[in-house]
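Counting with my numbering, you get residues 302 to 517 for the letters of the sequence shown.
If you're looking for bench data, these hints aren't it; they were derived computationally from the structure. Incorrect hints may appear among the rest.
No farther apart than 20 Å at their CA atoms in a straight line, the calculated lysine to aspartate or glutamate pairs in the EDC-like style are these [stated by the list, open to error]:
hint	residue 1	residue 2
1	Lys-451	Asp-421
2	Lys-448	Glu-466
3	Lys-451	Asp-486
4	Lys-448	Asp-420
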Amino acid sequence: MRKSHDRHARDGARDAAKDPNVAPDGAPADAELPAGPVSPADTRTSVAADAEAGGEVADGVSAGDDVATLRGELEAQRDKYLRLAAEFDNFRRRSQKERSEAGTRGQAELVRSMLDAIDDLDRFAQVDPATTTAQSLAEAVTLVGRKLTKTLTAAGLEIVNPIDETFDPARHEALATAPAASREDDSTVAQVYQPGYVFGGQLLRPARVVVRQWNG
Numbered sequence: 302m303r304k305s306h307d308r309h310a311r312d313g314a315r316d317a318a319k320d321p322n323v324a325p326d327g328a329p330a331d332a333e334l335p336a337g338p339v340s341p342a343d344t345r346t347s348v349a350a351d352a353e354a355g356g357e358v359a360d361g362v363s364a365g366d367d368v369a370t371l372r373g374e375l376e377a378q379r380d381k382y383l384r385l386a387a388e389f390d391n392f393r394r395r396s397q398k399e400r401s402e403a404g405t406r407g408q409a410e411l412v413r414s415m416l417d418a419i420d421d422l423d424r425f426a427q428v429d430p431a432t433t434t435a436q437s438l439a440e441a442v443t444l445v446g447r448k449l450t451k452t453l454t455a456a457g458l459e460i461v462n463p464i465d466e467t468f469d470p471a472r473h474e475a476l477a478t479a480p481a482a483s484r485e486d487d488s489t490v491a492q493v494y495q496p497g498y499v500f501g502g503q504l505l506r507p508a509r510v511v512v513r514q515w516n517g
């Protein structure tokens, strides 16, 4: 029995050797085989190349998304900047207009408070000199001057009349000097040629004065 089985195997091997379409190992003769032996390194290189190609595509898609996102953020910031610039420009113009209007209103209030004194001056100017004495005119002018001074003082005007005060170069202007009677009177105001004026803390005109000087 065993001899018969071995004989059939030998006959099959001889037939396979005679058939050109059958490879010695039993595979079809027309199957594509590698030109040489395939090593594990070649397999790893092929896998790495495929992975790198896929990574380049993924990186390209990711970079494109990042650029689009950054462009959107840049455009949003640009729009925000333009809106803020426009709002600031409107605020600046509005503030300038309000300051100008406030200054005009303040000047108008000051002029309005002086209208009575101006009317008095106008009435005195129309008086007939033949029927009015010089003393009456002088008294009238004095009254008008006091009214103007009172009005301007109420509005914030300060009159600088520093007689016998220590000379202050920030508020006084020395036009001349006069001898001082004692050392204590040195650098004090002996005479005021013209009073000065301060309005709202701002010096409008210094007082023009004569200053005492001690010569020892």
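Here is what the structure says about each hint:
1. Between Lys-451 and Asp-421 the alpha-carbon distance is near 14 Å, which keeps this suggested pair within the 20 Å criterion.
2. A distance of roughly 27 Å separates the Cα atoms of Lys-448 and Glu-466; the hinted pair therefore is violated under the 20 Å criterion.
3. Simply put, Lys-451 and Asp-486 have alpha-carbon atoms about 32 Å apart, too far for the 20 Å limit, and the pair is violated.
4. Restraint check for Lys-448 and Asp-420: satisfied, since their Cα atoms lie roughly 11 Å apart, inside the 20 Å limit.
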